[in-house]
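Asker: Sequence:
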Amino acid sequence: MKHNSLVLKHRMHLAKNAAGSIFKAGKVYSAASKVPKEESENTGGDPPVSEEQAQEVEAAFDDALPLFLQTAWSYVVRDIDKTVREVGRKFLQDKSVPWQIRIRRAQALQLLGQVFSTQGASGKTAGAGAAPEGGPESQAKAVLQEAMLGAMR
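Residue numbering for the sequence shown is 104 to 256, as defined by our numbering.
Keep in mind that a hint or two might mislead.
[Claimed, not checked] Calculated lysine-lysine pairs in the DSSO-like style (CA-CA distance at most 27 Å, straight line):
no., residue 1, residue 2
1, 119, 244
2, 127, 137
3, 130, 227
4, 112, 127
5, 112, 227
6, 185, 119
7, 119, 130
8, 185, 227
9, 244, 127
10, 193, 112
11, 227, 244
12, 227, 119
13, 137, 244
14, 198, 112
15, 185, 198
[Stated by the list, open to error] For each label pair, taking beta carbons as the anchor points, the in silico distance ranges come out as:
no., residue 1, residue 2, range
16, 212, 137, 50 to 60 Å
17, 158, 108, 40 to 50 Å
18, 220, 129, 31 to 41 Å
19, 130, 196, 45 to 55 Å
Think of the hints as simulated: they come from the structure by calculation, not from any bench.
Computed from a predicted model, the values in this text were never measured in an experiment.
Even for Gly, the Cβ is constructed at its ideal location relative to N, Cα and C.
Kindly generate the complete structure, drawing on both the sequences and the hints.
Answerer: Structure representation (structure tokens):
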């Protein structure tokens, strides 16, 4: 029962984050699509993209980036939930082995879960420090910007 409520919680987070991401993607798209419209209206030798327009697009993307990453993470969590459930079911309900083996498998899975929980808790406390400058966030931002530009072409 506890696992089912956790899976439902993860599904709700994914749905909420996906809806928010769609909304934020619309804002980024509208900010980015203003640039070509204004560019085509200008027939003179003005620069194609002003500093202000570039900053507006950058600000919209920076505002949307955390939600995009959270949506991607929610999908990964949902996928892990589904995979663990399927593997656990096959692993523990294997009728080709005696029940004693299935009991030992269940005990081993329980021990493995405790190890993961302990390591996850220690990782959270160790990761509470300051993140390095230009770390994974900047890499994720660069990848998402490239994907968004490719999608708008």
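Asker: Determine for every hint whether it applies to the structure shown.
Answerer: Going through the hints against the structure:
1. 119 - 244: holds, 21 Å
2. 127 - 137: Holds - the C-alpha atoms of residue 137 and residue 127 are around 16 Å apart, at most 27 Å.
3. 130 - 227: violated, 33 Å
4. 112 - 127: It holds: about 22 Å lies between the C-alpha atoms, which stays within 27 Å.
5. 112 - 227: holds, 21 Å
6. 185 - 119: With Cα atoms ~19 Å apart, residue 185 and residue 119 stay inside 27 Å; holds.
7. 119 - 130: The given pair, whose Cα atoms are some 17 Å apart, holds under the 27 Å limit.
8. 185 - 227: holds, 24 Å
9. 244 - 127: Given pair residue 244, residue 127 holds - Cα atoms ~15 Å apart, limit 27 Å.
10. 193 - 112: Holds, at roughly 24 Å.
11. 227 - 244: holds, 23 Å
12. 227 - 119: holds, 24 Å
13. 137 - 244: Distance ~21 Å between residue 137 and residue 244 Cα, so the pair holds.
14. 198 - 112: violated, 32 Å
15. 185 - 198: holds, 22 Å
16. 212 - 137: 50 to 60 Å: The hint (50 to 60 Å, Cβ to Cβ) holds, given that residue 212 and residue 137 are roughly 54 Å apart.
17. 158 - 108: 40 to 50 Å: Once the Cβ atoms are compared, 44 Å apart, the range 40 to 50 Å for residue 108 and residue 158 holds.
18. 220 - 129: 31 to 41 Å: Since the Cβ atoms of residue 220 and residue 129 sit about 39 Å apart, the hinted range of 31 to 41 Å holds.
19. 130 - 196: 45 to 55 Å: holds, 47 Å
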